[in-house]
Amino acid sequence: MGDEHNMAFEKVDEILAGYGYRHDALIGILQDIQRLDNYLPQDTLVYVSRKLEVPLSRIYHIATFYKSFSLVPRGRHIIKVCLGTACHLNGAAQNLEQIERTLNIREGQTTGDMMFSLETVNCLGTCALAPVAVVDDSYFEGVTPGKVEKILSQYTGASEGLDREAD
Amino acid sequence: MKRIESPSDLQALREGILFKRDPDQKVVRVCCTTACRAGGALHVVEALRKGLGDRGLSDKIQIKKTGCRGFCENGPVVAVEPEQLFYNKVKPRDVPDIIDKTLVGGDPVERLLYADPDTKEKIAKEHDIPFFGKQARHVFAKTGRIDPTQIDDYIAEGGYTALCTALTTMAPGQIIRAVEVSGLRGRGGGGFPTGKKWRTCRQAPGMVKYVIANGDEGDPGAFMDRSLMEGDPHSILEGMIIGAYAIGAHEGFIYVRDEYPIAVEHLTIAIDQAAAYGLLGFNILGSGFDLTIRINRGGGAFVCGESTALMNSLEGKVGEPRAKYVHTVESGLWNRPSALNNVETWANIPLIINRGAERYAQIGTAGSKGTKIFSLVGKVRNTGLVEVPMGISLREIVYDIGGGIRKGKRLKAVQTGGPSGGCIPSGKIDMPVDYDSLKALGAIMGSGGMIVMDENTCMVDVAKYFIGFLMYESCGKCVPCREGLKQMHHILSGICEGHGKAEDIELLTRLSVTMSDASLCALGGTAPNPVLSTIRYFRDEYEAHIFDRRCRAGVCRNLFEYYIDETLCNGCTVCSMKCPEGAISGEKKQPHTIDVGRCIRCGVCYTLCKREAVRVR
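Chains A and B supply the protein sequences, listed in that same order.
Note that the first sequence ends on residue 167 in the working numbering; no numbers are left out.
Note that the second sequence ends on residue 784 in the working numbering; no numbers are left out.
Bound-form chain B, shown alone (with noise of 0.2 Å):
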């Protein structure tokens, strides 16, 4: 590879590579990244090179194994340009068809295509899915679209032009100043504005500063920064030497979550083809600025999001966060000057420069600016990533893009932020999403979360699940923390077992109050939200629990019983056969029973039962 040494190198070589490339040449594009690869795609990749070798197309046709596009409901997905086609749950028995009918024919294979689940209306083209028709794809442009482990497809997408932009037309504080121009803030939860973040860190005294990048995505529910990372690992790092530049580090670091093997794969391969091009290294591209990039795993710890924890973890430590008196980007990594930001953070500031602050700062609300992802998961029908302009409603997002409750259930709330969000209940989802308009709701922006949850959640069981997820990941060395979390565990669970007392609510409410005012970090500081909103905004599924010993969701297993419905039950004895107590019974195409007493309500029955005879009262 030769090395990039001048703006006008990266251009003879964009050139160079966009020479060679015939637009009209097929290509396929299959997503390859964890949700599409658990759905098989590696075997469809397979099937289609042995597909088009066999046929003698080899040469002609191009396949590229791609990032996320976010559609992961309907993965894998296969897209064929220049027609645009855009194909659903794709199998290796579907391949043979998608080359024949598609690649050679011209034609669409028409059972492959996204059908309205509506109308049944098959829809051929990506954008005119509705799932795609209202996001707006920024941050996530080249995603999907280019092959992550190829530095030249994401150079031949305009890909370092910002950096080029930056490093020999821009002195670093006009490079800061755009960034606070541009209005942009934190991706990643605390929604701190990054520009001013960088200009306290090159004003903070001191010869070594840091940057990194916190790609501990620890937020269940959440997995934009994996996408991104998978997809699009040079965005992040163009990012990260344009922020070092201004901020005047010269080593940086990646941070990456441990359950993302995929993710530390291509980031590895990126900075390796980033520094043989010389984008990193030494003297990059003739401006006399240095930067090497290193990725660290993580450990499997969740209070390793929080920044001093992070920086903690990088030094080889525990991940046991600090008292913040004296900032990180003062004294961060190392007792030096370290800027942390979000992955997401880091891929939008190419953007920011490519298209000017002013421009960028057009989309968006007057507090939050620019675009948002948003992973919407849950009981929606389309789960997967998407990415809308902040200050778009819940409602546009829930029922658009989100196509609505799956299996024609009630919307009951959406739980935005993580573990230290909040529930916004289904009366509310007409309010603008953004970072202001989110807290005033009880609930946080965080790192993208949306989990959508119907009838059958039960809110004091969610209220439950986020505190037992806390109380495991305390780091324990606060004592609010520690045993604030538990007690409220301990409460919670007595609730749901159908221990409650009538005091218990007041209870709750003033731990929060304690924990929220003396933990030393955000993790207890915001453990309490959960709680809070659930209390909001669902004080009666708390008071049913409490008072009338009922979980109306059929969640919390003492508050409950299942039952068959006799009309629905044919008798195929496939729940008696199954149910490990022997708890049901009777004779083969009769309706059978259900002993209550006997039953430990496993849901066994309940989810084995085609006919959905078994119920819960």
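Isolated chain A (complex conformation) (with noise of 0.2 Å):
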């Protein structure tokens, strides 16, 4: 292995020694790497089997095992459906189809200009303001179908990057 291969690596290689290169640390490794680029590339898994010495076929077990991995490259914005109790009484699921009739993707899903990642989450225990989506870092509450266009242009159109939080 070069030089110049280690670089790319350089940052796995910080968490890797900040965790001690512990096995048992696996999970809280594959997080750490997930947030560097919003998901785990293939060959940064090989080099973590290979620094760390475990089969590459445990780590594979745990980055599908667990929801919050991601094996494939996500979109410039992440979308989160809360499916959660209060959230479904409160018509979680039709914001959901909602969502995925106006970007064109099912859940799980990247749309094609890499702008939005669509997933949904058990709960995400803000109950008191279902039904609830987080798009990146901000929570919409109360969310209905028919609001969906207006969260979603948000992203999209020219008012992308004023402070949406500040109501």
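Just so you know, nobody snuck in bad clues.
Calculated from the model, a selection of chain A residues having no Cβ within reach of chain B, i.e. all distances over 12 Å:
1. 45
2. 75
3. 154
No more than 27 Å apart at the CA atoms, straight line, and that leaves these computed lysine-lysine pairs for DSSO-like:
4. A:67 / A:80
5. B:256 / A:147
6. B:755 / A:147
7. B:217 / B:187
8. B:777 / A:150
9. A:67 / B:644
Derived from the structure by calculation, the hints contain no laboratory data.
Where a beta carbon is used, it is the ideal one built from N, C-alpha and C, also for glycine.
Since each chain sits alone in its own frame, please combine them into the complex, following the hints.
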């Protein structure tokens, strides 16, 4: 393995060292790696497997078992639609369908222009705001199918980058 | 930071903190946990900082970013002390008024006060609001008051005194005895007696033992653990240190859901600060007892809330449960004796030590002691977190604290215990809420999720929702759970889509028995509960779906239709413009009509119509 290769994985090395190359920290390691690019690239996983001397199959076992990991690149904005019980009762499924229709993708997919990835979560623990959808770090409460277009347009239209939380 | 070497050091530190504080100083407490942040609480704090700075009041008035006060419905919430004013739904634009009228002038800002929904009367003080009046906030006493990122705040409120008492005046056996006498049962779902668990773990052979806090709050609709971890992380640590000392553990782990970033942040800060004071690490309080605590983030798998799955996950493996012929208190994490408790259970420990086990046990019913935090959500007016004594009736929780059902609708059922729980019909809401009564009703306490359902909730759909959730979350290791859930979901989907067969109810019941008998862990074993309890109390709804092909609640798409009430429609055209199928027609300012054949029942028109002219039949 040449120096050039090591350079590309410099940040990964830092993460591995931070956890002391411990095998039991594998989930935390993968979470930190995912934070770099929003997904787990294949060559990185191969690298981690070699560095930690853990079979690649075990890494893939973990990466496919836990819901928070993605093996494919994700879009610039990540939409998470909460499907917790409180959100479900208040119409979360209809919101999800409306987003799917608007972006022309299904849950778990990314738009062709790599702008949006659409995901669902079991519960964000903000049930008082149900139904909730989160785009990146911004929470949208009381979402209805009718509001979907307006929410998404904030990320595609001219207003992107403005402070959305300030009401 | 100076290390605390003894109880007298802690006492001196507390007195020092309190001495520096001016009791008359005005304090503005802004809830800054997830729900209030979502509503813009951090912007309110910024506006306050700036406003006070501009007026030269930064030194005179203190701003505190606190944990959750539970009244999430009305967030962001702001409390002003010493006047004890309680402001709701505060926006940055309200800040100038709060500063000028309240902080400088001493008068309340009327429009931000809580208004009684029936009488419209304004209520100024927190404890006069019915939502708070009937609660008994013991575990939650400091949450919402202290800044969770400041250990001094926790110590000033009496924090870590229980640890002092335990480590310097009590033998491990005495602590375990106290927890047994207190009658504390696990707050995470199982309701197993905590003292008994600790005793078995202490007696289990082995030099190395572990304490673990379960913060993998996976039940949808429950968020009290998040609130505790975000708002009062030290109470969890204090409970864990006491427990570790009692059991003889020197390593602890807190397993936190990946969806709770603020909880991870606050717990990390809390561990660092406690270690800096010497409350974690070597020779804690000069007692010779050592303990380190580490945080592990979960990966987003519901099954990891199960103890053996959680321990597998802590070991860096996939979170699959194992059969519990040997209990985890004897052979758990890395095959060593491990005491795993929910974070809320841990937070109860300091209370038991401080108050004494007998006094703690005075609250509650014969079999369920102390208080329990419930997350009251769904179609109830005051959603949020409520801490109540065990044995309170469901009616008191839903109507007195919760303020009744939204939009004047009728209560249909309350679902408790998460996906493995059950639905309690409106006719049974005078039953006391405790472990045993809920079980008798076919529901469970679970982690304390309480989901209120009204007449617009379809109970078959609710059963399908939970089974779908569990099907997705089943780890797939054992056949009864993996295949049973799949078949159940298939049958329930059929019923909801209008293909229900007469024998479906019987088939569901039989599948349920097999699954609860033969599944490996509690996920599969309790999975049939939502189906069984909805069949038990709402069989008529199943029958209406199967025989009449009707969903009276207007949820199951093939079994109802939308129409426009001509007397209410003013022809604003919003619905026809937004209808994705072009199924709505009509002239401007004339009543519109929906083409039932083209309508996909997406609900866009139903939610957009301001006049509620779009109806369900």
